[in-house]
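Just so you know, the sequences run in chain order A and B.
The numbering used here applies: residue 31 is where the first sequence begins, and numbers increase by one.
The numbering used here applies: residue 486 is where the second sequence begins, and numbers increase by one.
What you were told as hints is all true, and nothing was included just to trick you.
With a cut-off of at most 27 Å between alpha-carbon atoms, the simulated BS3-like pairs for lysine-lysine come out as follows:
id	chain 1	residue 1	chain 2	residue 2
1	B	K1004	A	K59
2	A	K48	B	K1063
3	B	K1046	A	K81
4	B	K858	A	K181
5	A	K45	B	K996
6	A	K181	B	K874
7	B	K570	A	K181
8	B	K870	A	K181
9	B	K501	B	K570
10	B	K488	B	K969
11	A	K112	B	K871
12	A	K40	B	K1004
13	B	K837	B	K1015
14	B	K1004	A	K45
15	A	K45	B	K699
16	B	K1004	A	K81
17	B	K699	A	K48
18	A	K81	B	K996
19	A	K81	B	K1011
20	A	K45	B	K1001
21	B	K1128	B	K1104
22	A	K59	B	K1011
These aren't lab readings, by the way, just hints derived from the structure by calculation.
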Amino acid sequence: MSGNMNLTLKVWRQKNDKATGKLVTYPVKDISPDMSFLEMFDVLNEQLIVKGEEPIAFDHDCREGICGMCSMFINGQPHGPKRGVTTCQLHMRSFKDGDTIVVEPWRAAAFPVIKDLTVDRTAFDRIISKGGFISVNTGNAQDANNIPIPKPDADASFNAAACIGCGACVATCKNSSAMLFVSAKVSQLALLPQGRVEATARVKNMVAQMDEEGFGNCSNTGACEVECPKGISLENIARMNREYFTANIKE
Amino acid sequence: MSKLDSKIPEGKLEEKWEKYKSTVALVNPANKRSLEVIVVGSGLAGASAAASLAEMGYKVKCFCFQDSARRAHSIAAQGGINAAKNYQNDGDSTYRLFYDTVKGGDYRAREANVYRLASVSANIIDQCVAQGVPLAREYGGMLSNRSFGGTQVQRTFYAAGQTGQQLLLGAYSALQRQVGLGTIEMLPRHEMLEVVTIEGKARGVIARDLISGKLERHFGHAVLLCTGGYGNVFYLSTNAMGANVTAAWKAHKQGAFFGNPCFTQIHPTCIPVSGDHQSKLTLMSESLRNDGRIWVPKKQGDTRKANEIPEEERDYYLERRYPAFGNLVPRDVASRAAKERCDAGFGVGTSKMAVYLDFKAAIARYGHTHAIKLGTNNPTAEQLKKFGKEVVEEKYGNLFEMYEQITGENPYELPMRIYPAVHYTMGGLWVDYNLMTTVPGLYALGEANFSDHGANRLGASALMQGLADGYFVIPYTLGAYLSKEISVKAIPTTHEAFVEAEKNALAIIDKLFAIKGTKSVDHFHKALGKIMWNKCGMARNSTGLKEAIQEIKVLREEFWKDVLVPGSANELNPELEKAGRVADFLELGELMCMDALNRNESCGGHFREESQTEDGEAKRDDDNYSYVAAWENKGNNNYELHKEELVFDVVHPSQRSYK
Chain A
31 MSGNMNLTLK VWRQKNDKAT GKLVTYPVKD ISPDMSFLEM FDVLNEQLIV KGEEPIAFDH
91 DCREGICGMC SMFINGQPHG PKRGVTTCQL HMRSFKDGDT IVVEPWRAAA FPVIKDLTVD
151 RTAFDRIISK GGFISVNTGN AQDANNIPIP KPDADASFNA AACIGCGACV ATCKNSSAML
211 FVSAKVSQLA LLPQGRVEAT ARVKNMVAQM DEEGFGNCSN TGACEVECPK GISLENIARM
271 NREYFTANIK E
Chain B
486 MSKLDSKIPE GKLEEKWEKY KSTVALVNPA NKRSLEVIVV GSGLAGASAA ASLAEMGYKV
546 KCFCFQDSAR RAHSIAAQGG INAAKNYQND GDSTYRLFYD TVKGGDYRAR EANVYRLASV
606 SANIIDQCVA QGVPLAREYG GMLSNRSFGG TQVQRTFYAA GQTGQQLLLG AYSALQRQVG
666 LGTIEMLPRH EMLEVVTIEG KARGVIARDL ISGKLERHFG HAVLLCTGGY GNVFYLSTNA
726 MGANVTAAWK AHKQGAFFGN PCFTQIHPTC IPVSGDHQSK LTLMSESLRN DGRIWVPKKQ
786 GDTRKANEIP EEERDYYLER RYPAFGNLVP RDVASRAAKE RCDAGFGVGT SKMAVYLDFK
846 AAIARYGHTH AIKLGTNNPT AEQLKKFGKE VVEEKYGNLF EMYEQITGEN PYELPMRIYP
906 AVHYTMGGLW VDYNLMTTVP GLYALGEANF SDHGANRLGA SALMQGLADG YFVIPYTLGA
966 YLSKEISVKA IPTTHEAFVE AEKNALAIID KLFAIKGTKS VDHFHKALGK IMWNKCGMAR
1026 NSTGLKEAIQ EIKVLREEFW KDVLVPGSAN ELNPELEKAG RVADFLELGE LMCMDALNRN
1086 ESCGGHFREE SQTEDGEAKR DDDNYSYVAA WENKGNNNYE LHKEELVFDV VHPSQRSYK
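So here's chain A without its partners, still in its complex pose (with noise of 0.2 Å):
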């Protein structure tokens, strides 16, 4: 068909989390411009399959930008060159005939390689597990109109609660900080009345968690907020260092 495409891609391979891994370049031919990046490598994969080679392990599931599982590094930049969308939302007619493209798993120490382009992400799990949450136990809710909520405040929170939790943030940040993923779930709840009865003990165990997990600190690049698929912004460092900083008076 015309207007597609020749490409060369070069792809990071690992056997598992012990191997070494290196970049290993395959050719595809003929690829439509409206195929998803991930669609691209399901032609690939479907070509190696059928030599008897082993296909390229990646994460994916919803393939519609909202689970957040999928998590390729392509050309330095994670989930590609456009902005606002996950990998599977990238179609391939962000690219030109002839291109080279470097595809590599999320780097960072607390995302270990599980394979190929598979990453361990359960250090997120983790962290939320310390204190992203409301401790409210089900049942006996009281009627949610009783909680009436300041529009701008609620929207906030929405704008916050909208991180699909894939990483981008960490893969991008040179630091590898999880601020922003942190702030997204610090915010969402500290901006709500009933969040606010454990705020303080939310920020400090969350925040504790995220350091033992081995991120890093965040030096306000802001590359993060640049990368986010679901454009969380920096606002929420900036309230989750309040937070913090309240909490550690507090006490």
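With chain A held as given, fit chain B onto it using these hints.
Chain B alone, transformed into the frame defined by chain A:
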């Protein structure tokens, strides 16, 4: 004598659940600590069940195949969640929600289950808000609502176009809180491959650690399958790539009957297929039908661009055919109407298999109201358009962006092109009122069961059902069973039943590797999908279904002779995972066609061409088919049909009309 006992409590419809709750047996806190519960799946049903049961004091293990519980596909639900709150004072009530759901399901759901669902719906909203789920609000600080298909009230709560995400993250937070407290052991990247039964009762699972490839044995006093639907049997669907039937199918092979497998929901508003490379379909939320108008050109084969077609040459066919509900008819009706227009040659786009969803009128209307709100006198046409776009962006911004990403077209300027796609499966494991399958101690929650949506699910009801089952139903009904199990000590996983089940799981893996054929797993999956979509999709007939059954048998044989699974079993191997899932889809597909063939009536999403009214609407046959078809697996792809007669004490089935 049927083996099916739905265990619906005695008494008046509106009193059944209240009475059940106050009389059901309880388990005391000390005993709960020694009772173990396995939850498979961490979507809305699984996460809410795991969290609630752990809060109550049970020891819970929760499994998901994704890398984190937060990724479950509930996260992708866009539009909203229904609840009979009547915050809009528009006449809503528990009874109305119940009635709309039974009618929307084309009278193929159980009254008592649906009434319970409607009656706990309001509690779900309360629970989620208490958890910090940021649902949309009005300027006064109160929760906002919108309307959805098949209803005449505004009862849908939402969080922009990301309602499922926000509700799931709420349930996930509750789950992770329990993980932090040590009451839940979460096992991500684990796939359940067998249910272990001992003396007829479910006592655990065999799961594969997807990273190491190791098979693991896990004991539980009860097992809850919260594993979602099986729409991926069609290959192309709006489901996530990993969504599968394997857990439910293994349970089915262990004795759990499969209810109404042919009841599939084809969602009317999805982005059309663009080529052979397509791996999945993307939904455009039903909420768009609040404001978008659906049309095709009045002229067959019209090649003009949408904006060049004047108003009087457009056929707003839903408004024409269904004046009372217009663009908000239920999903099955809207899907069939789109297919009818495209089949008749009125379709649009390059493939001609699409219709328009147009926001021009909405942008104009909102422009005017917003100008008034802003106090702008004599706004220019430009200003009106700008205001209108702003309002539409606030309501549906992320959906419009998603559409533009995928198609490269701007839906603020050009109407969207949409076509129906497989979205949800109303069928699933047969369960009784307690959500227990025909295997004692084995439960199915959420989309994995068949129970509440009949032959068609109304929009914004899946989130409601998943959370109702997990937060508000299973915490009571599980106690009814476990209260009799308190003396059962944890069974060591060296028990022969575990050994045997693990052997079975391993045998399948070995068999898959041993084939060393020439074709990839996807090759077979795509071929199965084509058969299912063409012959067991939006319209079905006896000849096509019989052909499909034969074709699937042949394809299945070919799969087991010629599939190529690369790599090895003791590592992360996505191809092996897919192979196991497709092997199960190849069996399920045949059963779906058998069920569709057996049900010689049209109802809801199941449209048999032999059974339609003169104007092409679905025609039910209550005399012969007012039952749940529950299929028993007799081994070697043989099935026996059991029937659960549906009794309607309150709602009287009538020809569904949205005209």
